[in-house]
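Protein chains: 2
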Amino acid sequence: MSKKITSRQENYSDWYIDIVLQAELADYSPVKGCMVIRPRGYALWELMQRALDDMFKETGHQNAYFPLLIPESFIQKEAEHVEGFAPELAVVTHGGGEKLEEPLVIRPTSETIIWSMYKKWIQSYRDLPLLINQWANVLRWEKRTRLFLRTTEFLWQEGHTAHADADEAREETLRMLGVYKTFAEEFMAMPVLTGKKSDAEKFAGAVETYAIEALMQDRKALQAGTSHFLGQNFAKAFDVTYQTAAGELEYVWASSWGVSTRLVGALIMTHSDDRGLVLPPKLAPTQVVVVPIFKNETKASVLDYAGSFYDEIRSEFRCLIDKDENNSPGWKFAEWEMRGVPVRVEIGPRDMENGKVMVVRRDTGEKILSDRGEAQELIRTLITDIQQSLFDRAKAFQEENTKEISSYSELLEFFAGDGGFAVVPWDGEPESEAKVKAETKATIRVLPEGNEEAAQGRLCAISGKAAQHMAVFAKSY
Amino acid sequence: MSKKITSRQENYSDWYIDIVLQAELADYSPVKGCMVIRPRGYALWELMQRALDDMFKETGHQNAYFPLLIPESFIQKEAEHVEGFAPELAVVTHGGGEKLEEPLVIRPTSETIIWSMYKKWIQSYRDLPLLINQWANVLRWEKRTRLFLRTTEFLWQEGHTAHADADEAREETLRMLGVYKTFAEEFMAMPVLTGKKSDAEKFAGAVETYAIEALMQDRKALQAGTSHFLGQNFAKAFDVTYQTAAGELEYVWASSWGVSTRLVGALIMTHSDDRGLVLPPKLAPTQVVVVPIFKNETKASVLDYAGSFYDEIRSEFRCLIDKDENNSPGWKFAEWEMRGVPVRVEIGPRDMENGKVMVVRRDTGEKILSDRGEAQELIRTLITDIQQSLFDRAKAFQEENTKEISSYSELLEFFAGDGGFAVVPWDGEPESEAKVKAETKATIRVLPEGNEEAAQGRLCAISGKAAQHMAVFAKSY
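Protein chains in written order, with our numbering: chain A, 1 to 477; chain B, 1 to 477.
Be a bit skeptical, because a hint or two may be false.
Pair by pair, the computed Cβ-Cβ distance ranges are [said to hold, decoys possible]:
#: 1; chain 1: B; residue 1: T241; chain 2: A; residue 2: W331; range: 22 to 28 angstroms
#: 2; chain 1: B; residue 1: L378; chain 2: A; residue 2: W331; range: 55 to 61 angstroms
#: 3; chain 1: A; residue 1: D392; chain 2: B; residue 2: R314; range: 35 to 41 angstroms
#: 4; chain 1: B; residue 1: S328; chain 2: A; residue 2: W121; range: 37 to 43 angstroms
None of these hints come from the bench; they were simulated from the model. Glycine included, C-beta positions come from ideal geometry on N, C-alpha and C.
Please work from the sequences and hints to get the whole structure.
Below, the structure written as structure tokens:
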């Protein structure tokens, strides 16, 4: 195997795809736009799922499962929803050898089928709140796809909650936005901006959409999760009312929120380097790899020494030992670096004689010769350090590439150059937003909390009118 | 709520559906044949998944994810496979507003799409064995459906393994059959028969199919999991070869194996009674429910006493405390029994005064007044006892309803009566098998290990010719 990863400098997009394919995280499938998630990529998703699922359950949610197929007429019940999703639908017209009376669409998202069930389940205020999450596959017919980042079929979770009043539904919307931010920062070591979307960017059917947005190394933003306040839109479309404690009939209020396998793409792009994948230890399927270095005459003793070290640490860390005899140590080091294992332990005959092991950090390449007896504690420290240091590095990168902009010429210059997050006073007009998109490809990623106050007394950098918001613009995935 | 469960005596089929709906395990959806798995049903599936997934990983398997949609031409590449599955396919003809050049089918099972990828991934003997599992939804257009037991869409896992030789693939097939048996018996407390299927009953595309079969309370068999030795059928259909150590090119050998949400139906039917769901503690989402019994004047003190008891035991068991004030204790007892919680702890004012708690078993209804200080240990013992006792009861039922048959009249009588597992000397001829099916609706469920030896010297109960197998016949789901 002579694996070659294009450098970021040379071609950022090829660099990303090279890592995904060479590290065997995913592969192209024979079905246009659909990928295969290979075991090493799926293991990342499983660790993400586990952490998120725990957080969902801690905040009172339960998992359920709703049908893959949705009657076409359901999608049409909410006006904005159908407009947004109709162009992306896959349609089942035949089943069991016969043409169906009504075509069924494969879920692009499940608001409609879920709210048709909520109508059955919700009668009284005692049935509320209803806090349900689903782990599922969804399908959106995409013209241009990229492994993990945008695929026709993807895996995700979608939370769908029903509440007795607007405030509680809004609170839920923001609570889950917070859960996503915590997950991104504490597990993925990926700093994110949070805030509301402009009307042009919100979910089809939502009253308000909130998002977490991360800055990739090419200085493009990636929307990594969304949380929607749906108002009563779906309750009205599916006639879901409840009886209040006072006996009145009211429409139910709703939120929905989701993250997908796109997060795997975000994780790869946030931390990796020209040698391959770099993973935060909390989500690394293998946290430590032990590589014994031996020749024929030292093989038995080194494997024994390395094997017993491996046995000591395996109950604490997710570990592998690479005893393969077909590849050289140098080849193995490069391979394990490419696969993103956070800590490598090299053990050769001299280490064995001296009671040492060599511990190597994936993120910095730093090598530390450690007494064998102290190595486990060293690794424990490194695991924590690497997690924090990846976050700090990404945070510093985000800050370096976030710029406050005052004038339109400055805005044009920013996006003609390296780009990044541009914090821009905006008059709130769709025309101004559209102008920036047309001329720079940048869109509003979020309107952060407190942005209205921050905009007071400032002039819109696009129109020169009074600014209503400090908007974060960026080119995006 | 006045929940009423039909008795098994009255109508077994209604009894089952009543439990599924009243215990809120699943619900009918607006899409024909597709169900919604509600949170209480999904929690069962999650516990099953977790246990199975651990067992798969312990036996060296990794999870991955393959596309939902399969080009129609792929299904046609293996002759028996297409014959078996073509009538059950759902077909996507349109995507993104356009008619597709080639229709895509929703996976009824994933051999074809997976083997098209294995062709890319397998070159040399070093790439083998390849041991991959997928957790996914699949879809088979069914004419008659029943919640959990047979639905158009269902959730399952499907293992797909590739091996260098036939023996290893056969060994894998039997290893996974063993994993299923262990899971069924140790987690579900559901005794199963294992064995090979007759040709008439095997998977479309397999050389040999093995199954675990359980006996439900209506004495019908339920196929609860299958493991297939696929020979080189899919390797040949998709041209998957590997280079041996000697440099020869050989076709790869395969197995596949799966269990589905049907297991939830099996679990319900194996243990439940006329009062509702009965669950084995290992898979019960709630193992212990604490029900404080109070009036206005005792409320504060009883809730305090019960709450502190709940706090003591909740780290050891999956627990709930039912502090609801709208329903009477009697209503609550019935409700928690209906939901299948294995152990109920009732705590009233007198218990509090005497330092006692009342512990009630769901399976037998036995009530044990326990010193509060000893209750946690008592519950620990009960949890183990109930698990074992449910298995023993089901095993005894299976044995009582398994009969060795010598003559055809005896066979007819057996299936005209209560039925069960009939162990029948069989000549191995499809005609004899078909005759029994036509006249009694019973089919061969399995040919248990050692059945050929056991048949030696005996005469087929159907044809009178020399018996080749001792076959287990039963009516089935």
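Here is what the structure says about each hint:
At roughly 26 angstroms, the beta-carbon separation of T241(B) and W331(A) lies within the given 22 to 28 angstroms, and the hint holds. In this structure the hint that L378(B) and W331(A) lie 55 to 61 angstroms apart at CB holds, the actual value being about 60 angstroms. Judged by the Cβ atoms, the range 35 to 41 angstroms given for D392(A) and R314(B) holds: they are separated by roughly 38 angstroms. Between S328(B) and W121(A) the CB atoms are about 24 angstroms apart, so this pair departs from the stated range of 37 to 43 angstroms.
Comparing the model with each earlier hint shows a violation of hint 4 alone; every other hint is respected.
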